[in-house]
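Using the sequences and the accompanying hints, generate a full structural model.
Chains as they are written, first to last, in the UniProt record's numbering: chain A, 1 to 530; chain B, 1 to 548.
Hints are supplied without guarantee of correctness; some may be wrong.
[What the hints assert, rightly or not] Derived lysine-lysine pairs resembling DSS-like cross-links, with alpha carbons at most 30 angstroms apart: (1) Lys-225(A) with Lys-49(B); (2) Lys-80(B) with Lys-174(B); (3) Lys-496(A) with Lys-189(A); (4) Lys-174(B) with Lys-225(A); (5) Lys-204(B) with Lys-189(A); (6) Lys-288(B) with Lys-496(A); (7) Lys-269(A) with Lys-49(B); (8) Lys-546(B) with Lys-269(A); (9) Lys-546(B) with Lys-524(A); (10) Lys-546(B) with Lys-225(A).
[To be verified] Stretch-level coverage of chain B by chain A, calculated; a stretch enters the list once three of its residues show a Cβ under 8 angstroms from a Cβ in chain A: (11) 194-205; (12) 238-252; (13) 432-444; (14) 475-482; (15) 529-535.
Don't read these hints as lab results, they were simulated from the structure.
No residue lacks a Cβ here, since even glycine has one placed at the ideal position from N, Cα and C.
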Amino acid sequence: MVRSGRYTRLNVYLLILSVLQLNLHTVEGVWPLPQAFTSSTERYPLNPQAFYFGYGRQSAAQQGCSVLDSAFRRYFSLIFPDYTDGRLHFSQYKPFTVEVSIDHDDCEGYPNEDSSERYNLSVSAGQASLKAETVWGALRGLETFSQLVYQNDFAYYRTLLMLNFPRFQFRGILLDTSRHYLPVQAILKTLDAMAYSKFNVFHWHIVDDPSFPYQSSSFPDLSSKGAFHPMTHIYTQSDVRRVISHARLWGIRVLPEFDSPGHTTSWGKGQPGLLTPCYNGGTPSGTFGPVNPALPSTYQFMARLFKEVSSVFPDSYIHLGGDEVDFSCWKSNPDVRAFMQKMGFGSDFTKLEAFYMENIVNITSALNKTSIVWQDVFDYHERIPKDTVLHIWKGIPAKYQEELSRITKAGMRVLLAAPWYINHISYGQDWRNYYTVQPQNFSGTEEQKKLVIGGEVCMWGEYVDATNLSPRLWPRASAAAERLWSDEKQTSNVDKAFPRLQDFRCKLLRRGIQAEPLYVGHCKHEYQGV
Amino acid sequence: MSTTLKFTALLLALSLCRGLRHDYIDNYIDNYIDEVTEEEAELVAQPSKYGSLWPLPQKVQLSEVSFKLTSSSFRIVDAKDSTAGPSCSLLQDAYRRYYEYMFGIAKRQQLNKGRRTGPSELTELQVWITSPDSECDSYPSLTSDESCESLPHSYHLHRVAGIQLVYEDEYGAKSINSTTISDFPRFAHRGILLDSSRHFLPIKVILANLETMAMNKINVFHWHIVDDQSFPYLSRTFPQLSQQGAYHPYTHVYTPADVKMVIEFARLRGIRVIPEFDTPGHTQSWGKGQPDLLTPCYSGSKPSGTFGPVNPILNTTYDFMSQFFKEISAVFPDAYVHLGGDEVDFTCWKSNPDIQKFMDQQGFGQDYSKLESFYIQKLLDIVTTTEKGYTIWQEVFDNGVKLKPDTLIHVWKGNQQQYQNEMANVTSSGYRTLLSTPWYLNRISYGQDWQGHYKADPQDFKGTEAQKKLVIGGEACLWGEYVDATNLTPRLWPRASAVAERLWSAKDVTDINDAFSRLSVHRCRMVDRGIPAEPLFSSYCPHEYKGI
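Take a look at the structure:
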């Protein structure tokens, strides 16, 4: 019931702000649009030589807070991109201080599903005050502040009062490192850009049929035999740690997905006996199907693997996949059929899949992890734990509302991805489709609507690698970011969003993110790579 | 005994290299087959017997005999009887470029130090220019001979050609199989259009794409340099055109030095630069720096404040065009200039009372295409005096404008049946033509659309052999509404490579599975050379793109 407390405080702020005149047009530089703010029209210059970040006296975090100390360094460079040697001379030094105060010292922790990202920002002449419950909220506030600074030759700011918080707690991006290997550098760069759009979950679809780049310390053969290349196309334990710690400093959770029992072809190369041998008549055909659910060794393997994964990835959630299981190989295999008989499943292979998924969910529950599974799993189960999150990916383009309605009716929490399969490209301004999604517009009670914990932009990797990832992702994903962060009523007009998003994409370019254009036009600083 | 041993050693090396290579391609195919369920066309790719050659040469004879290549001993040299010598800087630059492609830069060369030359090693590529004039210091033209032949120990070539026979095993050692190639292009005009008006393209990205065009044997850069949205070309005669019409007068313009650099960079790679200055439509940006050039549109009886196409009824218009194209013909050395002429909207002309009066005087009635013809006709006369040939978009032909017999008609409209009819019409009228309709690469969709680009053939239309010969080639167009430096290169490559093979290789090179296999490796070669060419499908390259 922390929630209701939060909302009470929030309403008080909203009340204060609604008394003040709400002027949307003066803060058009911020993407996604903040919840409530008011600002002045006069502007003041900002001087990099007299600009300071500091901690408020009452703040629970003080100097030495790793998250904020590194954020201060980062945002200084983002606010003053032209500042290099400190030898610029201004005639007058009017100091400006951004004072950050937080309620809880969570400087060395990880962001999680309950982390508050709410903050208040007030900017007056000579100083700004940023107040947040957590360092993660402070990060969001610093991002907003950096976007508020005008960059016309010199830096300027306006005075303002703002209350901001996300509409949804889960705002994710999925990257697929199995269909193509993404160098760590490409992942880190994506994390930077995610923070600029206030995304807070990196869903790492790390393995799949084509390759197994995760180097497991318990089962090193999985990557040495299942990666595209055992040396150059893998993520070592230190690579993974680097991604997680980089994400933490940006307030981003890393949610790993180890999808089974389907989508596991690459697993079989390094773990003989794991996959189901398919039969052609009375003999094995030499090909393999999904994970073999009939063998106890399978569950022993999974228990060890997930024990490792649970300790490597600190997030309290884990994605177990469970999508697109093809039954034909199971059907062909006499041992699997015998197991079906023994278990009394008859010829209903969905029961076999349910049996498998229940076992896997139980393994991860025992490791104190909450599971996220693709929606396919819902269709076959009543017995998965109630706190499991169903990930909606089917029903493109318009039928996902039915899925949302059906699954929330059963009281399960859902995460929406179906309208944001951003790997599907088409000619023109498809970002408009991502922008106009209404995640809670389905038939259901208010209680059901609250079960939508957020959404996720999926960049599947069939046609994507480091050569085209960034321009394909940005700024199209930013359209979804505003939908997941901002108030839906204030951001219902896609034409009003267009010039703001154009400005934001130029801002991304200025920050070195290879974000593609929305339409004809130019940015002051064009991308200088190839 | 020693002979036997040597033979064994050679054979071993050979099977090792090939084994590993195939393993890589097999992996790739496994993955492909796993994923193929989603695909419209099911490719069953085998490693091509032609390895990674792209576009496929006209005649290739491969043998199983392989030679090692080492950076310490391998050289590219002029053949004794070549008409080009050390003074031919074009070739010397090309030798260095291709040497670096094969062996990388200094870092990798260290590995090979101190290794002695063995008998199964290829140490020299001799380049023999056979025609009396090597054309080293001139510009490539529509009639340039691009044929070449290669034999195991010598390499005769007329123009800059790719070195794609070299392959690398997992230890970084390079090998080449004994090969005889006799090669020449099917079409003389193999172009790519880039649009620097909808978005400004920094010089760097243009140069990188010229480099990539050379890797794909594309020989024409069609520079759609200005359009409605901006005028980045800095004209010496009319500097106010870019001063007023560019997105920014300093940061978003091409200076004379920039243009020169592009032309020379292209020349060194055997690429022609054909500029397009499209009129009378698509000229909004021209009007900002050249008052009275555009037609004032009327709303009722008053000027509305907006402007339409170039004003065709004023003498000042033609004075301007004369001076302007005089400059253009001097700046761009190619024998052709593209004059546009597409999509002229008549509504503004119709609204303007002066134009209506002129129409009456000329006896055009209400037929505004006659006015368009009038303009184009005068423009063509102007350009003719600069001794340039010209290319125009198909509408000019469709509208019945009188054209010089050597005019090139650029076909871009319609569906397959429509463009094939157009090709038939244009060629039956005796004009030479250039096809772009099936290759609008700015139009993207999900999946392997390169297959569609690959299957289109510019000579597939109803017509005589003589008509077919009037097809001089084609162009892949990357219009700029949604493209700038951030996404240009991965959007263009390797999709444009599909067009490159269609325009270079023999007509019967149509095996899509073989193409998939070769193109996959070719795209990895581009990635290895620093070009962010996007993937065809789930797979990997030995050296992934690192330029993030």
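For each hint, the structure was consulted:
1. With a C-alpha separation of about 27 angstroms, the suggested pairing of Lys-225(A) with Lys-49(B) holds against the 30 angstroms cut-off.
2. A threshold of 30 angstroms between alpha carbons decides the hint, and for Lys-80(B) with Lys-174(B) the separation of about 26 angstroms falls inside it, so the pair holds.
3. Taken as a hint, the Lys-496(A) and Lys-189(A) pair is honoured in the structure, with Cα atoms around 29 angstroms apart against an allowance of 30 angstroms.
4. With a C-alpha separation of about 25 angstroms, the suggested pairing of Lys-174(B) with Lys-225(A) holds against the 30 angstroms cut-off.
5. Taken as a hint, the Lys-204(B) and Lys-189(A) pair is honoured in the structure, with Cα atoms around 22 angstroms apart against an allowance of 30 angstroms.
6. Pair hint Lys-288(B) plus Lys-496(A) holds up; C-alpha atoms about 28 angstroms apart against a cutoff of 30 angstroms.
7. For the given pair, Lys-269(A) sits about 28 angstroms from Lys-49(B) by alpha-carbon distance, which is consistent with the 30 angstroms threshold.
8. Annotation: proposed proximity of Lys-546(B) to Lys-269(A) holds, straight-line Cα distance about 28 angstroms (limit 30 angstroms).
9. Distance restraint check for Lys-546(B) and Lys-524(A): the Cα-Cα separation of roughly 26 angstroms lies within the 30 angstroms cut-off, and the hinted pair is therefore satisfied.
10. About 24 angstroms separates the Cα atoms of Lys-546(B) and Lys-225(A), which keeps this hinted pair within 30 angstroms; it holds.
11. Only when three residues or more bring their CB closer than 8 angstroms to a CB of chain A does the claim for the region 194-205 of chain B stand; here the count is 6, and the claim holds.
12. Counting residues of the region 238-252 of chain B whose CB lies closer than 8 angstroms to any CB of chain A gives 4, so the stated coverage by that chain holds, three being the minimum.
13. Residues of the region 432-444 of chain B with a Cβ under 8 angstroms from some Cβ of chain A number 3, which satisfies the need for three, so the listed coverage holds.
14. Here's how the region 475-482 of chain B fares: 3 of its residues keep a CB closer than 8 angstroms to some CB of chain A, so the rule of at least three is met and the hint holds.
15. Counting residues of the region 529-535 of chain B whose beta carbon lies closer than 8 angstroms to any beta carbon of chain A gives 6, which reaches the threshold of three, so the coverage claim holds.
The structure meets every hint from the earlier list without exception.
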